[in-house]
Amino acid sequence: MTLSRIVFYAFLWIVISCSPALAENTAQNLAKISSQLSKNTKLCADFVQEKSLKVLNRPLISNGRMISLANRGVLWEVTTPFPSKVLVKETEMINWAEDGTKTHSSYARSPLFSALTQVFFAMFTGNLDKLETPFTMISNISEDAWQLNLTPTGPKLAKVISSIRVTGQEYVEEITIAEVRGDTTKISFHNITSDNCQLRKVEEASFAN
Amino acid sequence: MQTKALPIAWLLIVVTAFSWLGFRLATAPAVNTNLLSMLPKSAIDTVANQTVTQVQKRFERQVIWLIGASDLATASAAAKDVFVAMENTGQFETLLLEHHEDMAHRIGAFYFPLRFNLLSNDLRELIKTRKFDEIEQSILTRYFSPQSVLNSSVVTKDPLILLPQFLEERVAQTKERPTIENGFLTIKADGKVYILLAGALSETPFSLQIQKQVMPILDQLRTTLPMKYPGSVFLMAGALPHAAAGVNTALDEMSSVGLGSILGIIIMLYAIFRSPLPLGLTLISIAVGIGGGLAACLVIFNQVHLLTLVFGSSLVGISVDYSLHYFCGRYRYGATWEPHGALRHIRAGITLGLITSVIGFGGLLVAPFTGMRELAVFSSVGLFFAFGCVIAWYPTLTHTLKEPRFPKLLKLAQIYQTFWRRNWGWRAKTFAAVFLLSMIFGCFQLTAQDDVRLLHTLDPDVLAEELRARDLIGRNLSSQFFLVEGIDEDDFLFREEMLTQQLRSLQTEQRLDGYLAISDFIPSASRQKENRELLSQLIEGEQSVLKRVSDTVGLPQETLYAYIEGFELSASMPAVDLNQWLQSPVSKPYRHLWIGESTRGVIGVVGLKGVFDLSALHNIANQDKRIHFRDPAGEVSNLFTEYRQQTVWLTLVSYIIVMMIIMFRYGVRQGVAVLSPPIIAGFSCFGLLGLFEQPISLFNVMALLLVLGIGVDYALFFKETGSVHPSTLLAIGLSSITTLLAFGLLAFSSTTGIHAFGLTVMIGILVAFLLSPMAGMNDSKHTG
Chain X
2 MTLSRIVFYA
12 FLWIVISCSP
22 ALAENTAQNL
32 AKISSQLSKN
42 TKLCADFVQE
52 KSLKVLNRPL
62 ISNGRMISLA
72 NRGVLWEVTT
82 PFPSKVLVKE
92 TEMINWAEDG
102 TKTHSSYARS
112 PLFSALTQVF
122 FAMFTGNLDK
132 LETPFTMISN
142 ISEDAWQLNL
152 TPTGPKLAKV
162 ISSIRVTGQE
172 YVEEITIAEV
182 RGDTTKISFH
192 NITSDNCQLR
202 KVEEASFAN
Chain S
471 MQTKALPIAW
481 LLIVVTAFSW
491 LGFRLATAPA
501 VNTNLLSMLP
511 KSAIDTVANQ
521 TVTQVQKRFE
531 RQVIWLIGAS
541 DLATASAAAK
551 DVFVAMENTG
561 QFETLLLEHH
571 EDMAHRIGAF
581 YFPLRFNLLS
591 NDLRELIKTR
601 KFDEIEQSIL
611 TRYFSPQSVL
621 NSSVVTKDPL
631 ILLPQFLEER
641 VAQTKERPTI
651 ENGFLTIKAD
661 GKVYILLAGA
671 LSETPFSLQI
681 QKQVMPILDQ
691 LRTTLPMKYP
701 GSVFLMAGAL
711 PHAAAGVNTA
721 LDEMSSVGLG
731 SILGIIIMLY
741 AIFRSPLPLG
751 LTLISIAVGI
761 GGGLAACLVI
771 FNQVHLLTLV
781 FGSSLVGISV
791 DYSLHYFCGR
801 YRYGATWEPH
811 GALRHIRAGI
821 TLGLITSVIG
831 FGGLLVAPFT
841 GMRELAVFSS
851 VGLFFAFGCV
861 IAWYPTLTHT
871 LKEPRFPKLL
881 KLAQIYQTFW
891 RRNWGWRAKT
901 FAAVFLLSMI
911 FGCFQLTAQD
921 DVRLLHTLDP
931 DVLAEELRAR
941 DLIGRNLSSQ
951 FFLVEGIDED
961 DFLFREEMLT
971 QQLRSLQTEQ
981 RLDGYLAISD
991 FIPSASRQKE
1001 NRELLSQLIE
1011 GEQSVLKRVS
1021 DTVGLPQETL
1031 YAYIEGFELS
1041 ASMPAVDLNQ
1051 WLQSPVSKPY
1061 RHLWIGESTR
1071 GVIGVVGLKG
1081 VFDLSALHNI
1091 ANQDKRIHFR
1101 DPAGEVSNLF
1111 TEYRQQTVWL
1121 TLVSYIIVMM
1131 IIMFRYGVRQ
1141 GVAVLSPPII
1151 AGFSCFGLLG
1161 LFEQPISLFN
1171 VMALLLVLGI
1181 GVDYALFFKE
1191 TGSVHPSTLL
1201 AIGLSSITTL
1211 LAFGLLAFSS
1221 TTGIHAFGLT
1231 VMIGILVAFL
1241 LSPMAGMNDS
1251 KHTG
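In order, the protein sequences belong to chains X and S. The first sequence lines up with residues 2 to 210 when you count with this note's numbering. The second sequence lines up with residues 471 to 1254 when you count with this note's numbering.
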């Protein structure tokens, strides 16, 4: 047996014997993050989306407001530079055109967006265990902040997304999605409110669909 | 002598007919269960009609299941069970459960090379109206939206995001909800995951054999699935469950109507004659009548429709009349009774009765309505065979017939008859006048209802399940559709585009919910060329939309020029045509819209959803003679209207002939007396229906025909066999009881049309019987 073989087996042994500990560690961390995350039925935030496409000279930056209501969906309203509005529900997606006409569609068309939505729903409801099947999760916890790295397990998602990084404290503060092709999308949240969040009439109406 | 030759000759005829019938029934299918196939096919345009038939056959063979459970794994296991069970029946041409996960990839691979030739309808309109700012705005919105499908590769090859826009519009157009997950078409709704299984039967769902092979297994799955997979849901849609439910009802009704009247007749005959001879002979003549009618139908139409059998089973009620008259004569003569004399006595009456019945049914023969013609042949020939038995066999076989003991019924008949002989006071006359006037008033209150549902009463449970499934899938194509013809494939696409353009404007006016057309998925060559030209308006020039978008999002110059170069190079590429699309897997969900070659070129279908304005659609079809609008349900309803009106005229003509025969024989005064009971009976049926606000249809008119026929029979018997002895009234009374047994039971049918038929006959026969002594009224005054 060559030395390299021995090293290899030794390494393998370490990996195998350590992995339950690792898993346990992750499970503990997830529980900790879950407990840190505020579980609110209502969540509002301003968001900045920074989409960096490899082929474009500069990132595409948009601002807007996000409202999440448990069991009713997530409403994304882009205010600048080009207004748009979309309501994401568990089974479908509703888009509003500028003139107010809406189109319903099944939301599985964009794997990126559906993965994002999945992460979102899990984070907002504190059900991190729901992410365990579609992703391999590695967590990193410090005093008052945490970070989660998600790697897709399914081949369909793995073809598009290389990893998703989520950071936050009491709330999710930033989500970064790295695509296999080298494009990245970063969404950061500010002014996060839950109980104090007042829905405008238009927003109320949007959820009624 | 005639007395020897006739029975043997008749026996030979009957044996021949029955041998042929037995052979025919054993060798080939005889019963057609598709209720709608009874209806005539309008013969205006054969190519279009053939296609309609083809389209309908294709649609009716389709079956869809939705198997739901709380999670995908359970639902897919349950769906696989259904799939295997259905495959094992061997009755399916196709069964599709698992799908390619990479459909999205295939769609991309097919359409991507074609992207310079495709534009969404919305974008076409915007370019045509030169709303370039709006176009720029909408493209940029896509770039900056959180749900954007953009990535580097899309932006490089399609910086205006044209293809996603085109494909999204297609998806929105179909409005179907299933998405592929783990290789299954799934729908998520109310906390459950449903999996779609689709199949096409190898034969029509109206085939009894298919129903027998498939339905019991489905019923079994319905009970076993929830046990094996708790919380699972089983939904089924398609013509198959409806056909099976319809056949079951019809068969049940046929056997209960047939059985009910036979039982009634047996009990009655035995109670009155207390001898097996009259009973046996009557049953034989009924059987010979039905057999003869069936054989004649098979000879002429090579099939007999299930509904004809249902109506025909009530033939029992009329064919028994001839026998009843013969046997009731036994009361009249007591000890002097003699078979040949008895026959002589009733021969004129039953012969005239047969002739008028056949003339009455003969009217139906003129109608170009398969079902009615079958009914006419079945009834006329059936009656003739029953009549033949009485004439040919009864005298020879009834030498030993004893005088029946049952004077009580005779007494009743006597009492009723003397009631009619009394001089009528002013009270009775006023009552009669008021009654007649109110019946006539009722007739003016009549409304018509000619809906297709008359024939096709859908089982409410099956229907509810079907609607639930269609609702979940979002596949709610209406029964109306367009047929588009073309000289060749490209001409077809071109004409269809002209059509869909008009349909879209109906859509914006909310007169139509949606449509499904092939040309939306693969535009004609000229449309593809036009799209390129429109697209060039966005690409070319220093201030083009492409240039402005590129500047805003930061698309590098070299990428921009590479794209423009790609656009220019693609001009030399040949357009993708319909056949290439048909061969690609991307066309799979829509291939049923393509019919293919016809004798005039090629033909295809445009499906419609939510039709709110039929006349607008008819108008569109009138502009191009190669575009046909079809509304099968509406066409059937129109046919019902047309044939209801036609049957009214046929009935009138038939009965004018009958009237002339009767007037010729009895003179005007006595003729009126003979005709009054059936005519008043007819008025009463329709008068009562009108007063009770029951809408009438073809089936009530058919019933009227029967009421008149039977009513004339009763009056004729009364007139011919003498109104003095109560035996005639007894015979008429007995025969109206059998008729009521036969048709009265039809009134309980769940098929609206048959129910209407039964109810009308029930009222009419009752009135005709009660009034029948009227036929002898003038008589009695003369004879004293």
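If you are wondering where the hints come from, they were derived from the structure by calculation, not from laboratory data. Just so we're clear, the structure is a prediction, and the values are computed from it rather than from any experiment. Beta carbons are placed, not taken as given, at the ideal position from N, Cα and C, and that holds for glycine. Hints may be right or wrong, so weigh each one.
[To be verified] Negatives, chain S to chain X, calculated, CB over 10 Å:
no. : residue
1   : D551
2   : Q607
3   : V619
4   : D961
5   : Q977
6   : D983
7   : L1025
8   : P1026
[Unchecked claim] The calculated DSBU-like cross-link candidates involving lysine-lysine, where the alpha carbons are at most 35 Å apart (straight line), are:
no. : chain 1 : residue 1 : chain 2 : residue 2
9   : S       : K1058     : S       : K682
10  : X       : K202      : S       : K682
11  : X       : K55       : S       : K682
Going through the hints against the structure:
1. D551: Label holds. Min Cβ-Cβ 24 Å, cutoff 10 Å.
2. Q607: 7 Å, violated
3. V619: 5 Å, violated
4. D961: Consistent with the label, D961 of chain S stays out of reach of chain X, its closest Cβ about 33 Å off (over 10 Å).
5. Q977: Its Cβ never comes within 10 Å of chain X, the nearest being 12 Å, so this holds.
6. D983: Consistent with the label, D983 of chain S stays out of reach of chain X, its closest Cβ about 13 Å off (over 10 Å).
7. L1025: It is violated; L1025 of chain S is separated from chain X by about 6 Å at its closest Cβ, not greater than 10 Å.
8. P1026: 6 Å, violated
9. S:K1058 to S:K682: 30 Å, holds
10. X:K202 to S:K682: Judged against 35 Å, a Cα distance of about 59 Å means the pair is violated.
11. X:K55 to S:K682: Violated. K55 of chain X to K682 of chain S sits at ~63 Å, over the 35 Å cutoff.
When the structure is compared with the earlier hints, violations turn up for hints 2, 3, 7, 8, 10, 11 and for no others.
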